[in-house]
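Participant: Single-letter residue listing:
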Amino acid sequence: MLFLAQLLDHPVQGKTGEAIGKLDDLIVCIEGETYPVVTGMVVRDRRRRVFVPASHLASLSGVLRLNSSIVDMTPFRRRNDEVMLAKDVLDHQIIDITGRRIVRVNDVQLALIGTGYHVVGVDVSPQALLRRLGPERFADRVMGRQIIEWSEVQYLASAAPVQLKVSYDRLSELNPVDLARIVDSLSFRESAEIVAALDDETAAETLEEVSDARVADLLEGMTQERAADILEEMEPGAAADALEDLDDTVAAQLLDKMEPEDAADVQALLAYDEDSVGRIMTPDFVQVPFGTLVGEAVRLIQSLAEVPDPLLSVYVTATDDPQTLLGSVRLRNLILASATTPIADVMDPDVPTVHPDDRAVSAARVLAEYNLLAIPVLDDAEHLIGIVTVDDALAVLLPDIWQRRGSRSFG
Amino acid sequence: MAIKDESTVAPAVAVASRSLSQKRRGLGRRLWPYLLALGPGIIAANAGNDAGGIATYASAGASYGYLFLWVMVVITVCLIVVQELCARLGAITGKGFSDLVRENFSLRMTAFILMSVVIANLGLIVSEFLGIAAAAELFGISRFIAVPVAAVLVWLLITRGSYGRVEKIFLALTLVFFAYVGAAFLAHPDWHAALRGTVIPTVRWTPSYIELLIALIGTTITPYMQLYIQSSVIERGVTADELRYTRFDVIAGALFSDLISGFIIIATAATLFPRGIAINTAADAAQALQPIAGQYAQALFGVGLLGASLLAAGVLPLSTTYVLSEALGFERGVSRSWREAPIFLGLFTVFTALGALVALLPNLPIIPVLLGVQVLNGLLLPIELFAILSLVNNRELMGQYVTGGLYKGFAWSIAVVVSLLSLTLIIITILGWFGVNFSS
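Note that the protein sequences, when read in sequence, are chains A and B.
Residue numbers for the first sequence follow the numbering used here, beginning at 2 and rising by one.
Residue numbers for the second sequence follow the numbering used here, beginning at 185 and rising by one.
FYI, nobody ran anything at the bench for these hints, they're computed from the structure.
This structure is a prediction, so every number in the text was calculated from the model and none was measured.
C-beta atoms are modelled at their ideal positions from N, C-alpha and C, and glycine is treated no differently.
Please note: incorrect hints may appear among the correct ones.
To be verified - Examples of chain B residues toward chain A, derived with CB under 7 Å:
(1) Leu291
(2) Glu395
(3) Arg579
Claimed, not checked - Computed Cβ-Cβ distance ranges for the label pairs, DEER-style:
(4) Val64/A with Gly589/B: 24 to 30 Å
(5) Val258/B with Ala253/A: 30 to 36 Å
(6) Val64/A with Val336/B: 55 to 61 Å
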């Protein structure tokens, strides 16, 4: 097995064994192949650093030997699309896709595949650090490695100070909640890079779980068109929270660029206080008029273009006034009843309700006390304007979570 | 019923908060961003006023009268410069200090720099528990009860509680230190002498003077504060354009906290110095408060000391753990809370326990140890300063925001002067072992 830390600073020899310099870094091309190929190396001779293409390389294992004794002495310059292993990968953070976590690269594993050397994995074990810290002759005595295959990691282009083309396909294996945690604990530049690589829908789902301040920064950092697209896909409540953290003029511009319908939903929520029921409620619910049969109600749900998720209850409203709530039917009872039963027979007429100006916490308390999954929200005119689900309420009840914000507060 | 009650209250609250935001618009957009940015800088600078800080300032006043006041002016300027550099690092790179060190220095260098930070922090953890012990003893409670209880309490608070709430409580407690301003006035100091001490630099080339000087620098420009300001700037999402507001925060914080420090020096200079009382116990320092609060002086001092020490005793082990675990790559699995991360929690527990245990060593002289820890911080400061300077001048990292010209020169000279002072202390101490005596 070949590792970067074993190679760095080792003498590089010419064809006949004469000293050329010491290995300063290895250069790889990260885009294209699953295992990035080593395209060249930087050799240091006193203060001069020169580039040696991989084609001049005779062997990496054992002695670093070139197949030629003539080296182009032009000083090394960085070029786009070139990643330096020691400088841009070693000691930097990458995403471990299978482990759903951020890891720091303590060593890089290389292997000869076909005619070229390739990066095949990264070592994230503390032992790798020990080997690099201690004197070289003790390095072999430290046992244990923890290698993650390169095909299982996502490299972040912001680690290198040059323009890079990087594929972010692997990110799609992570779900939005994991992505959000990663986005929250990386630096702004890196998290912006990740969000930029996601499609609008995934980006929206991710940002819903990211801390408000970070979301505001991310939205401000991207083009307004892209920000508006993401906001459209977000839950109106989450979008409202994000917009509230932005500068007023920027928020207005973004609302302007959003689809009028989505913007209206968000604006309606912005009218309510941050910790109020109005802010956490969702306007998406299913309602049926009083006279409906159970079978008709089920067909109505099936015919909806967008079915609310989660769908917990169906709300029954007065036949002549669709905004007056008469009762609710749990989805469970709706499915269990025969199709010809009138909805009134399965309806629970005695539903607790909340007002949009109530504290969000009190809605959560009512949900818990009455063992409900969702609670309807009635405005001053007693009109049904939305529901608060147990999911929304849970987010209110959970205290500030340390583990997500902690690292940035104290790191 | 509960819902009804709250719905009658809610509109009033809503109206109040709306009118506040309107006022914000009316009051001029110029000033608000500056006021809103206040926070990290003030908190960071006030962290210097913890148990060790109080002991050091009180000691400076008690032993040398007003002689050290001019030093505080110089230190304040240095503090502003150093804090600004860190805030800038945080704002431009979006990364914490240990991340940057790991990514930009060699591994051995990283280990050296971070070990110095960890050692400095470990010393501070001990000093915070000593502060708790001293405060408890002012109330007649044995340190063998107070310190373990405090350690467990801190451990529980940090592992189960919400930091935001805890910090607010403790910060409120530290307001007690305002009492020192009053104490300074009521101690009827010789204002003429105080002013002279502030503007005319006087240096004594004795080991104890230089030791105290380094302790003053170490407690005012604490490595921990630099880490704190950098990470809170990141946490707040401060960007390059918003840096000027943060600069204001940094300056306000440094001025505020050093003004308090100055008053502590004046208070002890007016009361303890003329009587030749050197500070040996926390009770001595409490005497400085006697003129203002009489019999309550000790209680007041105890509460303040307890508040500041408890806060720092909680935050320092946590901060140290983050520094170490992130640089070493013990990143916690994102799907797990850090409570389930064994190495992380283990480190945190070890740091807390170690601090508490050392503080419980029998016959440990409190004030000399507190001072010693500040000296240690001062000695290790140059390492951190050079690391910060090297990062802030890295064009690849900072782009157009690298420091330039006079400012750069000034920043480097601070690092050089602090290093020279540290070196002087080391040399004087070593020569002292061989019997060379510098005291006049």
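Participant: Checking against the hints above, which ones are violated?
Facilitator: Violated hints: 2, 3, 4, 5; rest satisfied.
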